[in-house]
Amino acid sequence: MNKLTSFIQNQRQNKPLLLMTHVVYGYPTIEKSLEIMQLMLDNGVEILEVQFPFSDPVADGPTITNACHHALEQNPKLTQCLQDIKKLARQYPQSRVLLMSYLNPLLQPGFTSLAQQMGEDISGIIIPDLSIDHHAMLDPLSNSGIAPIWLITPDMKADRIRKVTEQAQGMLYCVSRSGVTGQKSTDQLSTNQLSTAPKASALENMQGYLNNVRQFTSLPLAVGFGINTAEDISALKGHADVAIVGSAFLNAFNKGGLEAVARKLSELQA
Amino acid sequence: MNDEGRFGQYGGSYIPEILYSSQQQLLKAYRDAMNDAAFIQLVKSEMQTFSGRPTPLTYCANLTKMLGGAQIYLKREDLNHSGAHKMNNVIGQGLLAKRMGKTRIIAETGAGQHGVASAIVAARLGLECTVYMGAHDIERQYPNVFWMKQLGATVVPVTTGAATLKDALDEALRDWSSSYEDTYYLIGTSCGCAPYPEMVAGFQSVIGEEVKEQSTQQFGKYPDRIYACVGGGSNACGIFLPFVGSDAELIGVEAGGRSDAPGDHAMRFHTDQARFGIAQGFATKFLQDEEGQLQPTHSISAGLDYVGVSPILADLEEQGKVRMTSASDIEVMEAFKLLTRHEGVIPALESAHAVAGGLREAAGMSPDQHIVISISGRGDKDIFNIAKALDDEPFTEFLQTYLKEESV
Ligand SMILES: Cc1ncc(COP(=O)(O)O)c(C=O)c1O
Chain A
1 MNKLTSFIQN QRQNKPLLLM THVVYGYPTI EKSLEIMQLM LDNGVEILEV
51 QFPFSDPVAD GPTITNACHH ALEQNPKLTQ CLQDIKKLAR QYPQSRVLLM
101 SYLNPLLQPG FTSLAQQMGE DISGIIIPDL SIDHHAMLDP LSNSGIAPIW
151 LITPDMKADR IRKVTEQAQG MLYCVSRSGV TGQKSTDQLS TNQLSTAPKA
201 SALENMQGYL NNVRQFTSLP LAVGFGINTA EDISALKGHA DVAIVGSAFL
251 NAFNKGGLEA VARKLSELQA
Chain B
1001 MNDEGRFGQY GGSYIPEILY SSQQQLLKAY RDAMNDAAFI QLVKSEMQTF
1051 SGRPTPLTYC ANLTKMLGGA QIYLKREDLN HSGAHKMNNV IGQGLLAKRM
1101 GKTRIIAETG AGQHGVASAI VAARLGLECT VYMGAHDIER QYPNVFWMKQ
1151 LGATVVPVTT GAATLKDALD EALRDWSSSY EDTYYLIGTS CGCAPYPEMV
1201 AGFQSVIGEE VKEQSTQQFG KYPDRIYACV GGGSNACGIF LPFVGSDAEL
1251 IGVEAGGRSD APGDHAMRFH TDQARFGIAQ GFATKFLQDE EGQLQPTHSI
1301 SAGLDYVGVS PILADLEEQG KVRMTSASDI EVMEAFKLLT RHEGVIPALE
1351 SAHAVAGGLR EAAGMSPDQH IVISISGRGD KDIFNIAKAL DDEPFTEFLQ
1401 TYLKEESV
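Protein chains in written order, with this note's numbering: chain A, 1 to 270; chain B, 1001 to 1408.
Just chain A, with the same shape it has in the complex (with noise of 0.2 Å):
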């Protein structure tokens, strides 16, 4: 089994839900950025996300592209990116670090050279412009137990769902919603499907959303895009193996620095 798998499922016997959390790597300085990270590692968030910023960001909201703009003026290196965050993934086993980025900068070292610098201590990667019918192009990951993981979307239909189920490695990340990261939380789910719904029906949507997933698969499910609050993470419990919160935190250290991102992990952590 991979290893994020089974670090998920470990994790997962008593714990009703993982935190996975993300930050930009260069933003708002790569030093700083290496704090809030180990902030994050430091209160027992289990999965890290580390983006590592790209100028053309096209499935990121308002928030994380800021982000991702601001941190490319610190001129950020994939090749020092990774480096940082295999230090801070062996000072912190007990966690899990995962990449994410777009294309472009990964194709510039390939995939073969990037396996070979992501090594053991990266345990997955997320690129979102990569669709699973590319799938074949990262071999040289998954063959060195480096976990692809893919998106799956609230209109995939089942041939495409199992599609990805059948190359899936380590987890799935499940969007909540049509359109891109940040901006709605819970209330707002789905644009497509559920806007009109109120509230709980919107809930429930979600819920057999995710219901629906489970049935292609026995991967874990993590489940992204517009999750603020503690109550958006509470409405996963019993769906879904992990929560993803990105925008959520650069909008609290946007406002409040370190402190507010302390104070936002404890309340989603509640």
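To be clear, the hints were calculated from the coordinates, so they are not data collected in a lab.
For each residue, glycine too, the CB sits at the ideal point set by N, CA and C.
You may find that some hints are simply not true.
[To be verified] Example chain B residues on the side facing chain A (calculated, C-beta under 8 Å, incomplete):
#	residue
1	TYR1014
2	ILE1015
3	ILE1018
4	TYR1020
5	ALA1279
6	GLU1291
[To be verified] Subject to a maximum C-alpha distance of 25 Å in a straight line, what follows is the list of computed BS3-like cross-link-like pairs (lysine-lysine):
#	chain 1	residue 1	chain 2	residue 2
7	A	LYS157	B	LYS1028
8	A	LYS87	A	LYS32
9	A	LYS86	A	LYS32
10	B	LYS1028	A	LYS163
Position chain B with the ligand relative to chain A; hints supplied.
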């Protein structure tokens, strides 16, 4: 299915999963439409009765005589409704959006030409229209923003990144990923994920098809060389593609800008600042740094400063079927002046790149050879930038007087 739209190593589809179903829907609708003779006829008739096609092929007697080389002809896309070839594409895609039952179109625009063209078809077809435009471009091209608003479009300033065309394209993709149920993404050039490069090039190919007929009629053969400016590559694809495989030599002219330094030009060929990359939904040559970050661009003409280029042209160039060259801002202004003074045709600054490329080579050719230069658009939209480049003081005085009058 997603192997569709490859051109050699370029093209393809690299889009977030959330766009998968809308792209599939578009692919299917596009194939269906292209197999429907009634749809093709509708596009053709709209091009004729709304945009004024066919556009003329104009002989340049004065410049030909002056240079003493090849016979020089212009393909007059500037005479389209809206003043640019962009119209050919928006007519085709607008009718497709309508056929798909969409009620809203979104578009990205750099100079604003594609934005205006999109707003025009939206008004004509009764579609809602949102145009994404870099905040920086809005500052440079306000007259086009003004017209888009008059036509009923909503213009959304994009402030992220470099706040130019590539950022506007990112923002349009983001909109599409949550709005595809009722919204059609009307891309402005032959870039993006499949089927956009093929589709836009297809609707633009009317340009080259007409040149085939007109050149045969006017000088009894196909041109020896054809020149077109290359931003995203749609007017170039349009005039070139019907001639691929013929004896006509096809020459694309990119924005050489101020210098060869990074950020000073928009050349995707003959520079190691541009390499194979995958971004904005497709693979092509992108101007990028060693970390794979897309780079800022510059050109005197807003319509040519895009970081990528049509995958169709990237592939044709690699196969040796298209030759790419460039013209600097200074050469472009010279070419602009020559064409305006000697032929009475005021080209867009984008098109003036093709003029620069053509005139540079015409002198060395023999009088029994013929060249065709694509005048992709007219220069009226560039009046502010041209007046500035020519240091025309009365124009500045005019603007000052205008402002004074406004405030009383
Ligand atoms: C007049 C004109 N010519 C050329 C272009 C460049 O686009 P393309 O390379 O797609 O023809 C533009 C783009 O705005 C334009 O307005």
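Looking back at the hints listed earlier, which ones does the structure fail to meet? No numbers; nothing is violated.
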